[in-house]
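Colleague: Read top to bottom, the protein sequences are chains A and B.
Mapping the first sequence onto our numbering, position 216 (from 1) lands on 216, and the numbers just tick up by one.
Mapping the second sequence onto our numbering, position 219 (from 1) lands on 219, and the numbers just tick up by one.
Hint data in this document are derived by calculation from the structure and do not stem from the laboratory.
Heads up, a few of these hints could be off.
One-sided and incomplete, this derived list gives chain A residues near chain B with beta-carbon spacing under 8 Å [unchecked claim]:
(1) Ser202
(2) Thr207
(3) Leu209
(4) Leu211
(5) Glu279
(6) Leu328
(7) Tyr329
Heads up, the beta-carbon is just placed ideally off N, CA and C, and yes, glycines get one too.
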Amino acid sequence: MKKNTNELLIKNGRVIDPLNGIDKVADVLIKSGKIEKIGSISAAQADVPEGCIIDAAGMFVTPGLIDMHVHFREPGDEEEETIASGSAAAVAGGFTSVVCMPNTDPTIQDETSIEFVHRMGRQARKTHVYVMGALTKDRQGVELAEMGLMAKAGAVGFTDDGNGIQNAAVMAKCLKYASMFGLVVSQHCQDNSLAGGGVMNSGYNSTILGLPGISPLAEELMLWRDIQLVKSIKTRYHAQHLSTAGSMDIIRKAKEDGLPVTCEVSPHHLLLTDDTIEEYDTNYKMNPPLRTAADIAAIKQAIKDGCIDALATDHAPHLESEKELEFLYAPFGIVGLECALGLYIKALIKDGTIDWPRLIAMMTCNPAKIIGIDSFKGSLSVDKWGDVTIFDPNEKWTVDVNKFISKSKNCPYHGWELEGKVKYTIVGGEIRYRDCGTNAR
Amino acid sequence: MADKFKWTRKHLLGLRDFSRQEIEYVLDTADSFSEVNQRTIKKVPALRGKVIVNMFFEDSTRTRNSFSIAAGRLSADVVEFTKKASAISKGETLLDTARNLEAMGIDIVVIRHEAAGTAKLLSRSINASIINAGDGYNEHPTQALLDVYTIRKHRGSLDGLKIGIVGDIAHSRVARSNIYAMTKLGAEVTLIGPPTLMPPQVSKLPVKVSYDLDEVIEHLDVINMLRIQFERLASNPFPSKREYSRFFGLTDERMQRAKKDIIVIHPGPMNRGLEIESSVADGPNSLILQQVTNGIAVRMAVLFLVSTASK
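Hey, can you work out the whole structure from these sequences and the hints?
Modeller: Right, dumping it as structure tokens:
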């Protein structure tokens with residue numbers, strides 16, 4: 001490939017653009033960083049500079065993938081990840097846009113921090129970095145944060161992620177206030193009184209391992225409470241990383257009632273149960289915790305029924321020395337950006353739970369709509385940003401955490417055999433990632 | 001029969017995956033060390049030159065001193081590590097502590113810690129043999145071994161015995177290890193306590209559960225009283241001490257309704273008057289102090305056995 005321009009002709013790929021109902025072999029032309037045309041386009045017609053033609057035969061060509069829940073640890077914990085390293089990891093995973101969570105140190109809760117994140121993202125020049133601001137000051141769940149000023153600075157939503165808003169009156173106030181700005185209020189559903197200082201799912205496994213457990217009710221009760229509030233305070237509400245069968249029932253009902261409610265699910269909650277914690281390996285410690293096979297089945301059914309809007313990794317980097325603690329004390333979280341696509345394919349495509357357009361929708365137009373960027377991203381309509389992900393759905397590869405671009409390698413996927421490899425990640429017509437593995441052209 | 005069996009475990013992390021044969025092997029080995037403890041000079045050179053670290057992150061009277069004495073009787077050198085006096089107070093992690101001690105040349109680590117899984121974590125992080133002396137709510141294998149050893153010594157066998165474990169099952173590593181040891185040796189175990197002190201999905205374990213001590217006590221051959229652990233509980237799972245002892249305390253009155261030869265054991269320390277009345281603790285059915293004496297032989301056995309597997 002020659003030097004980066006923002007013009008590309010992508011030929012012969014299977015183009016899957018769920019928003020526009022496209023699923024066919026076609027060519028995609030990007031000019032001046034924007035989608036110009038999808039169809040049968042010859043090189044002459046395309047008139048792109050030399051070296052700006054990609055032959056995507058045998059591959060899938062989709063709108064750039066979006067991960068609406070990542071932690072890039074900057075400011076404050078730059079040794080774990082920076083916006084630069086996280087962005088690079090994101091494009092390696094095929095993501096052209098990500099949404100950072102505000103639980104940094106200091107918390108992202110004012111216009112200056114929002115602008116800082118945007119600036120660092122631009123400088124990194126990898127994935128497009130969006131950010132949610134805190135709902136309450138220092139995420140303490142007491143006083144409102146400056147949502148208005150953050151909205152003006154370009155925040156795409158608000159959340160106290162890491163914490164759930166414990167007090168119902170405060171949550172009602174947050175919903176009311178946020179409704180002024182048309183941005184989504186995103187909740188980490190966890191009633192702390194029921195979570196009981198737990199470090200894994202509460203159940204048979206927590207009993208035999210002797211660890212304090214987090215009851216499924218801790219998630220379900222807050223989710224249910226918030227839905228009731230949304231019934232009267234009609235603000236857009238998004239439930240993060242849902243993990244239990246009970247939550248699926250609650251979401252299903254909320255959608256049947258036509259409420260402005262969306263939700264997301266993480267790859268580990270589709271693939272791993274709390275049986276994996278046998279050895280007290282902290283790579284299986286995250287919040288919400290791994291649950292049971294019955295919960296996984298219920299989540300997959302909900303995805304099949306269309307109740308789950310988005311897939312998001314909750315990419316949570318930690319150093320080895322931080323995770324190498326007693327299970328009780330190790331921090332929650334695992335990374336996931338660089339193998340997410342392969343994991344989703346393993347969990348949802350391989351066993352026929354959903355088809356490709358549905359999977360791609362949950363990673364493109366759906367999250368784009370939730371965070372309000374759908375007028376220029378999330379699909380391949382003419383004039384949308386030239387954000388495109390090209391991947392080989394059949395390429396088999398083995399996860400090697402030591403090759404991760406992310407600064408942190410904390411995840412349980414090392415050695416996993418996956419199918420589905422990102423070959424090109426294109427942002428605004430620029431190739432920001434290219435797979436230089438054995439099969440690269 | 002014991003000589004055909006080969007001991008392969010380098011660590012003693014818990015009893016959950018032990019076979020009946022392995023448990024009996026430990027008890028048989030303890031029998032031979034019991035004999036040593038009758039001699040005038042209670043010492044054998046079995047572990048001479050070996051270094052055993054007693055790594056205790058929680059307070060202990062019985063377990064710690066029992067391991068110390070056991071190690072001494074095997075002629076090993078003992079290093080006493082106490083969390084309160086260590087660089088843990090300066091923020092050093094568990095693994096860094098273990099690695100630093102390992103660099104000094106140690107053979108066995110006996111670890112007690114408030115977090116479940118620490119013995120397992122150490123076993124995959126350093127080369128020494130690891131013996132779990134109690135990790136959070138998970139297991140306390142040597143306690144269960146000395147408990148079943150005591151019962152076996154008194155009754156010959158645990159097959160068919162009905163054993164009740166009474167108290168805070170949810171937060172008890174002694175209960176868990178005992179459930180495994182006792183059921184594997186053929187006993188029928190009933191857990192007794194208020195529902196607020198039972199762990200989640202306890203019925204999936206191979207035990208019976210009862211919230212009514214009075215209903216079950218007349219059927220029991222052995223009753224194991226657990227201490228109500230005030231220092232572990234964040235908020236009270238029962239309204240008052242007197243209500244607890246009224247419903248779940250081992251009183252003289254309840255002993256009248258129990259079998260004449262019922263065995264009373266308790267891992268210690270006791271809250272006299274709360275879970276057990278003094279007259280019962282000090283009475284003819286109590287084997288509580290024998291437990292402590294037997295603990296030395298059992299721990300000698302365990303130290304000896306793990307060191308043989310390391311070769």
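Colleague: Which constraints among the numbered hints does this structure fail? Numbers only, ascending.
Modeller: none
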